[in-house]
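Enquirer: Here is how the chains run, residue by residue.
Protein chains: 2
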Amino acid sequence: MRSHYCGQLNETLVDQQVTLCGWVHRRRDHGGVIFLDLRDRDGLAQVVVDPDTAEAFATADRARNEFVLRITGRVRPRPEGTQNPNMPTGMIEVLAKDVEVLNTAATPPFQLDEHGKVGEETRLKYRYIDLRRPEMIDKLRLRSRISHSVRAFLEGQGFLDIETPILTRATPEGARDYLVPSRTHAGSFFALPQSPQLFKQLLMVSGVDRYYQIAKCFRDEDLRADRQPEFTQIDIEASFVEEDDVMAITETMIRQLFQEVLDVELPLFPRMPYAEAMSRFGSDKPDLRIPLELTDVDDLMKDVDFKVFSGPAQAEDGRVAALKVPGGAKLSRKEIDEYTKFVGIYGARGLAWIKVNERAKGIEGLQSPIVKFMDGIIEELLDRVEAQDGDIIFFGADNARIVNEAIGALRVKLGEDLELYTREWAPLWVVDFPMFEEDGNGRMQALHHPFTAPSCDVDTLRDRPAEALSKAYDMVLNGTELGGGSIRIHDHGMQRAVLDVLGIGEEEADEKFGFLLDALQYGAPPHGGLAFGLDRLVMLMTGAKTIREVIAFPKTQSAACLMTDAPGVVSPTQLKELNIRLRQKAKPEAEQDA
Amino acid sequence: MRSHYCGQLNETLVDQQVTLCGWVHRRRDHGGVIFLDLRDRDGLAQVVVDPDTAEAFATADRARNEFVLRITGRVRPRPEGTQNPNMPTGMIEVLAKDVEVLNTAATPPFQLDEHGKVGEETRLKYRYIDLRRPEMIDKLRLRSRISHSVRAFLEGQGFLDIETPILTRATPEGARDYLVPSRTHAGSFFALPQSPQLFKQLLMVSGVDRYYQIAKCFRDEDLRADRQPEFTQIDIEASFVEEDDVMAITETMIRQLFQEVLDVELPLFPRMPYAEAMSRFGSDKPDLRIPLELTDVDDLMKDVDFKVFSGPAQAEDGRVAALKVPGGAKLSRKEIDEYTKFVGIYGARGLAWIKVNERAKGIEGLQSPIVKFMDGIIEELLDRVEAQDGDIIFFGADNARIVNEAIGALRVKLGEDLELYTREWAPLWVVDFPMFEEDGNGRMQALHHPFTAPSCDVDTLRDRPAEALSKAYDMVLNGTELGGGSIRIHDHGMQRAVLDVLGIGEEEADEKFGFLLDALQYGAPPHGGLAFGLDRLVMLMTGAKTIREVIAFPKTQSAACLMTDAPGVVSPTQLKELNIRLRQKAKPEAEQDA
Numbered sequence: 000m001r002s003h004y005c006g007q008l009n010e011t012l013v014d015q016q017v018t019l020c021g022w023v024h025r026r027r028d029h030g031g032v033i034f035l036d037l038r039d040r041d042g043l044a045q046v047v048v049d050p051d052t053a054e055a056f057a058t059a060d061r062a063r064n065e066f067v068l069r070i071t072g073r074v075r076p077r078p079e080g081t082q083n084p085n086m087p088t089g090m091i092e093v094l095a096k097d098v099e100v101l102n103t104a105a106t107p108p109f110q111l112d113e114h115g116k117v118g119e120e121t122r123l124k125y126r127y128i129d130l131r132r133p134e135m136i137d138k139l140r141l142r143s144r145i146s147h148s149v150r151a152f153l154e155g156q157g158f159l160d161i162e163t164p165i166l167t168r169a170t171p172e173g174a175r176d177y178l179v180p181s182r183t184h185a186g187s188f189f190a191l192p193q194s195p196q197l198f199k200q201l202l203m204v205s206g207v208d209r210y211y212q213i214a215k216c217f218r219d220e221d222l223r224a225d226r227q228p229e230f231t232q233i234d235i236e237a238s239f240v241e242e243d244d245v246m247a248i249t250e251t252m253i254r255q256l257f258q259e260v261l262d263v264e265l266p267l268f269p270r271m272p273y274a275e276a277m278s279r280f281g282s283d284k285p286d287l288r289i290p291l292e293l294t295d296v297d298d299l300m301k302d303v304d305f306k307v308f309s310g311p312a313q314a315e316d317g318r319v320a321a322l323k324v325p326g327g328a329k330l331s332r333k334e335i336d337e338y339t340k341f342v343g344i345y346g347a348r349g350l351a352w353i354k355v356n357e358r359a360k361g362i363e364g365l366q367s368p369i370v371k372f373m374d375g376i377i378e379e380l381l382d383r384v385e386a387q388d389g390d391i392i393f394f395g396a397d398n399a400r401i402v403n404e405a406i407g408a409l410r411v412k413l414g415e416d417l418e419l420y421t422r423e424w425a426p427l428w429v430v431d432f433p434m435f436e437e438d439g440n441g442r443m444q445a446l447h448h449p450f451t452a453p454s455c456d457v458d459t460l461r462d463r464p465a466e467a468l469s470k471a472y473d474m475v476l477n478g479t480e481l482g483g484g485s486i487r488i489h490d491h492g493m494q495r496a497v498l499d500v501l502g503i504g505e506e507e508a509d510e511k512f513g514f515l516l517d518a519l520q521y522g523a524p525p526h527g528g529l530a531f532g533l534d535r536l537v538m539l540m541t542g543a544k545t546i547r548e549v550i551a552f553p554k555t556q557s558a559a560c561l562m563t564d565a566p567g568v569v570s571p572t573q574l575k576e577l578n579i580r581l582r583q584k585a586k587p588e589a590e591q592d593a
Numbered sequence: 000m001r002s003h004y005c006g007q008l009n010e011t012l013v014d015q016q017v018t019l020c021g022w023v024h025r026r027r028d029h030g031g032v033i034f035l036d037l038r039d040r041d042g043l044a045q046v047v048v049d050p051d052t053a054e055a056f057a058t059a060d061r062a063r064n065e066f067v068l069r070i071t072g073r074v075r076p077r078p079e080g081t082q083n084p085n086m087p088t089g090m091i092e093v094l095a096k097d098v099e100v101l102n103t104a105a106t107p108p109f110q111l112d113e114h115g116k117v118g119e120e121t122r123l124k125y126r127y128i129d130l131r132r133p134e135m136i137d138k139l140r141l142r143s144r145i146s147h148s149v150r151a152f153l154e155g156q157g158f159l160d161i162e163t164p165i166l167t168r169a170t171p172e173g174a175r176d177y178l179v180p181s182r183t184h185a186g187s188f189f190a191l192p193q194s195p196q197l198f199k200q201l202l203m204v205s206g207v208d209r210y211y212q213i214a215k216c217f218r219d220e221d222l223r224a225d226r227q228p229e230f231t232q233i234d235i236e237a238s239f240v241e242e243d244d245v246m247a248i249t250e251t252m253i254r255q256l257f258q259e260v261l262d263v264e265l266p267l268f269p270r271m272p273y274a275e276a277m278s279r280f281g282s283d284k285p286d287l288r289i290p291l292e293l294t295d296v297d298d299l300m301k302d303v304d305f306k307v308f309s310g311p312a313q314a315e316d317g318r319v320a321a322l323k324v325p326g327g328a329k330l331s332r333k334e335i336d337e338y339t340k341f342v343g344i345y346g347a348r349g350l351a352w353i354k355v356n357e358r359a360k361g362i363e364g365l366q367s368p369i370v371k372f373m374d375g376i377i378e379e380l381l382d383r384v385e386a387q388d389g390d391i392i393f394f395g396a397d398n399a400r401i402v403n404e405a406i407g408a409l410r411v412k413l414g415e416d417l418e419l420y421t422r423e424w425a426p427l428w429v430v431d432f433p434m435f436e437e438d439g440n441g442r443m444q445a446l447h448h449p450f451t452a453p454s455c456d457v458d459t460l461r462d463r464p465a466e467a468l469s470k471a472y473d474m475v476l477n478g479t480e481l482g483g484g485s486i487r488i489h490d491h492g493m494q495r496a497v498l499d500v501l502g503i504g505e506e507e508a509d510e511k512f513g514f515l516l517d518a519l520q521y522g523a524p525p526h527g528g529l530a531f532g533l534d535r536l537v538m539l540m541t542g543a544k545t546i547r548e549v550i551a552f553p554k555t556q557s558a559a560c561l562m563t564d565a566p567g568v569v570s571p572t573q574l575k576e577l578n579i580r581l582r583q584k585a586k587p588e589a590e591q592d593a
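Protein chains in written order, with numbering that gives the first Met the number 0: chain A, 0 to 593; chain B, 0 to 593.
Certain hints may be false.
Intra- or inter-copy, both count: the list cannot distinguish identical chains.
Claimed, not checked - List of simulated lysine-lysine pairs, DSS-like, C-alpha gap at most 27 angstroms:
no.	residue 1	residue 2
1	Lys-306	Lys-371
2	Lys-329	Lys-575
3	Lys-544	Lys-575
4	Lys-124	Lys-215
5	Lys-511	Lys-215
6	Lys-511	Lys-124
7	Lys-96	Lys-333
8	Lys-360	Lys-333
9	Lys-116	Lys-354
10	Lys-301	Lys-96
11	Lys-371	Lys-124
12	Lys-371	Lys-284
Hint data in this document are derived by calculation from the structure and do not stem from the laboratory.
Given these sequences and hints, build the entire structure.
Expert: If you want it as structure tokens, here you go:
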């Protein structure tokens, strides 16, 4: 139907006849002539319809915004003074010979140019119109290129693309499962997979050797954060590998991806142990673009006459950390109050600070509500954080978790507010994670998942689980976890030991994933892998602000699709076939997303 | 961990040191030496462990079938007389220096070589072992290559890979939906998509222009045939296209796929109208490898003194068709009885036949229970089917649907039984389908789906719906429908008209897919597409006998996974969160798949 996409037109086509198909993006009447900006996936082209071509003119005269047209005409240079160098096709225009209306369009619920004026709800309801915006189509296109680049790389490395089931059994990732009632097995339910974890391990037991899949995963969680009930994972697993093998291959993949799709040369990824990341940045996914670090000052604060500091400094699980911000002495009292509120979100009960106005003047040159308690240690403190005139030093003092979360978050916020970024892309590997973390009740939880291999032997694991490190690795970019993975346990005895530490007895384990435990007994090779969150990767690479921008048909925070009105009511017959009944009737739809 | 895959070893590596990882496929002790066939994804390599390397020998001596080993050694030519030219690595062997047990293996529930001795149930329960069989891994590998080839082609043609939702609203394909109770919208349900049909149309309305996806689809049907509750579709849609465009691009794709993956040069695909396919082959997916055709003989049979023939010949919806089988006169009475039973499956009440023993002898040369009724027309009949000595002619006489199904199926069965195939691959396009077919109750049903565009205008469609043809096309290969598609309706008025004919009123339509009807009003471009069944395509290309062979983790006919025991019982708390309760308790698992 067409000879060219609108965005493909350029000066080399001058005097040639072209046929374009697309949407009326804008229409202007000027000096008795109709100007149409015709839009398709590739861009805009200016079409001129002259009254001399009476039939075309009459048709164009009927055309309104978002009409679908087919236009044949001749490419010509735009007249002197009307060129638009900001537009890829801005040096030329098409003088129309034929104009055909392929479809009309009712006045859309919002004009593309004015999408900002309507709420996100309207845009989600009319998603098919919102996606017409060039920046939205461009994100979908980039996502497609990203998937393709990843696939091409992995295929080239001998990974087989293998599909794993969507209708499956509850998986042990720990989030809530979406369930699907079985009609043929009354009273039983499938679960939608939280990840293909167990299946990919079984594929390794099968000898597949190298597996990948761009896989849909599902978690029925409350979507406070920027999450979606269904999300996409680049899922990778290989046999006869160690940490370095998986990290090398996936780092190469991501660096090549950035090269191919964004023309960005990422640096080699540094590696940082979990303990160091927590100590220096208060986070296991530090944003290394920000040149601020936490400094431990517990030893200095143990004996100060200020309980807020000395208490945590002496406590076993306490931490007192300083965060020096160069140039921060210029922060106003009001700004400091805002930051105090901010760290409160993470449980911090206050935010102590010292402004370094003139260090040469000693204590006189400092400004701070707490400096009076620092007698005798102040010089050592200033030396340790390398304080200079104009700096501010913030302090966190509490149990280590709160300090890390609060001051870690403050670090990122200050980095953003004060525009301290030193570079555009800052990737790293975080390694040497603990195997377990204690939950509030003194029970051990897997920091990754129960199939992650420890770096120690079975005896050490059983005797001193809190000290055990795992063979896990997270890839972090700009403070976002792009992906995580590990070497898995391939030894049946070790798997039982880890489950024991987690308080998962044999019976429960056999019930939940006995098939995996069985499989480990029939010749499981050493294996490991990694999974990337594709949505988040695309979000970072496109600079999107929410994950919803990089998903064609996303759901709201209450897990609804405003366009299709899903979820919806179903008939009593359907429920009966599925052997279920409702506890309470569905609310009328209008109330659901209020 | 390894230097080579087992299957990669060859004579160019002689005298080099290699490290292999894999499974003990077979072990033989011969003349004090241990021979291990080590297996990995790529093949087998023979490893020789000599008592001279004491440590390696002791380790190898412990190794049993399916142990996972890492072996380092030197490649050497096999001694004269022990080469195995049937094995890719049969000219060499590895003399082991080091043997390391990476994992032990319990005696597997079946030996790979003896998989035929256990039932499919056992193999499905231990799928991870069954997949170790080289022919199984090869199928997965071919499937991966097929997906990759298809993707590469479509990317090259400017199609964007876009993911559509799995948690969505019931779609109007007509099969039963899998439902997912919503926790956040109590009493409401998501449906798993039967296809991405509506979403891909909406993407066209969005201006995506060219979309594809290798998409999971779900149908909660009784799995009599070789089907799976979840299956995979190569889903394609494009804007500003007509039938020829979609057919050209997808035909090129399939031909290129066969070239790349199987090194098979498919012929150009002939096109055949639906009416012709039904008339000549009794099927809308004729297997053109079989050189048998149905011949209409209604006109000859109208006045014969044999009600079984004259009745259908005179009835408006009747059909009398002859199927001539060259060389079929040699069929025994017992064989003919079997075929009579066979056509009975399709509702045929009998199977009349004429053996042509010696045509020159006239009626004397024929053998048949019905020839006595054919007085006066027998010569014309024999001429029409071009009968020769040694042929048999079968007859179907009933309403056209039964004749087509019964004699169409008989044609295929005879083709198989008598090995009449004339070539390996016989693709074609079937086109010019009717828009509608009448169901038993005089109501119109969509032959494809309600979004298929008719070739006629609105008035003709409303006035004479039974005559309306559609812009649909099916790709058929060897009697299997590989894929089907159509140009879709992009005009709101036409869509309403089609729904009217189908008896779907405005209210029902708005309730079910109002968002699509809305979208058609906001500037929908002409568009169309096609969807291929990937599982079936892979099955044909790998020569697999069931669809379960080309799916990594398939389900049984009762929609259960024997490996993970899915579906399973869930806790009362989970049900409560989902606002549902059971009508009856789940049966104990043992009973479920009995």
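Enquirer: Give a verdict on every hint.
Expert: Structure-based check of each hint:
In this assembly of identical chains, the alpha carbons of Lys-306 and Lys-371 lie at most 27 angstroms apart only when taken from the same copy (13 angstroms versus 116 angstroms across copies). Taking the shortest alpha-carbon separations for Lys-329 and Lys-575, neither the intra-copy value of 68 angstroms nor the inter-copy value of 55 angstroms comes in at or below 27 angstroms. Taking the shortest Cα distances, Lys-544 and Lys-575 never come within 27 angstroms of each other, neither inside one copy (43 angstroms) nor across copies (36 angstroms). Proximity of Lys-124 and Lys-215 under a CA criterion of 27 angstroms is satisfied in both settings, with 23 angstroms inside one chain copy and 24 angstroms between copies.
In the homo-oligomer, the alpha carbons of Lys-511 and Lys-215 lie at most 27 angstroms apart both inside one protomer (21 angstroms) and across protomers (25 angstroms), since each shortest distance falls under that limit. For a Cα distance limit of 27 angstroms, the shortest separation of Lys-511 from Lys-124 across copies, 15 angstroms, qualifies, whereas the shortest one inside one copy, 40 angstroms, does not. In the homo-oligomer, the alpha carbons of Lys-96 and Lys-333 never lie at most 27 angstroms apart, since the shortest distance is 65 angstroms inside one protomer and 73 angstroms across protomers. Proximity of Lys-360 and Lys-333 under a CA criterion of 27 angstroms is satisfied intra-copy only: 26 angstroms inside one chain copy versus 115 angstroms between copies.
When the C-alpha separation of Lys-116 and Lys-354 is checked against a cutoff of 27 angstroms, the pair qualifies neither within a copy, at 43 angstroms, nor between copies, at 81 angstroms. For a Cα distance limit of 27 angstroms, the shortest separation of Lys-301 from Lys-96 qualifies neither inside one copy, at 85 angstroms, nor across copies, at 60 angstroms. In this assembly of identical chains, Lys-371 and Lys-124 lie within 27 angstroms of each other by CA distance neither inside one copy nor across copies; the values are 59 angstroms within and 72 angstroms between. Taking the shortest alpha-carbon separations for Lys-371 and Lys-284, neither the intra-copy value of 35 angstroms nor the inter-copy value of 90 angstroms comes in at or below 27 angstroms.
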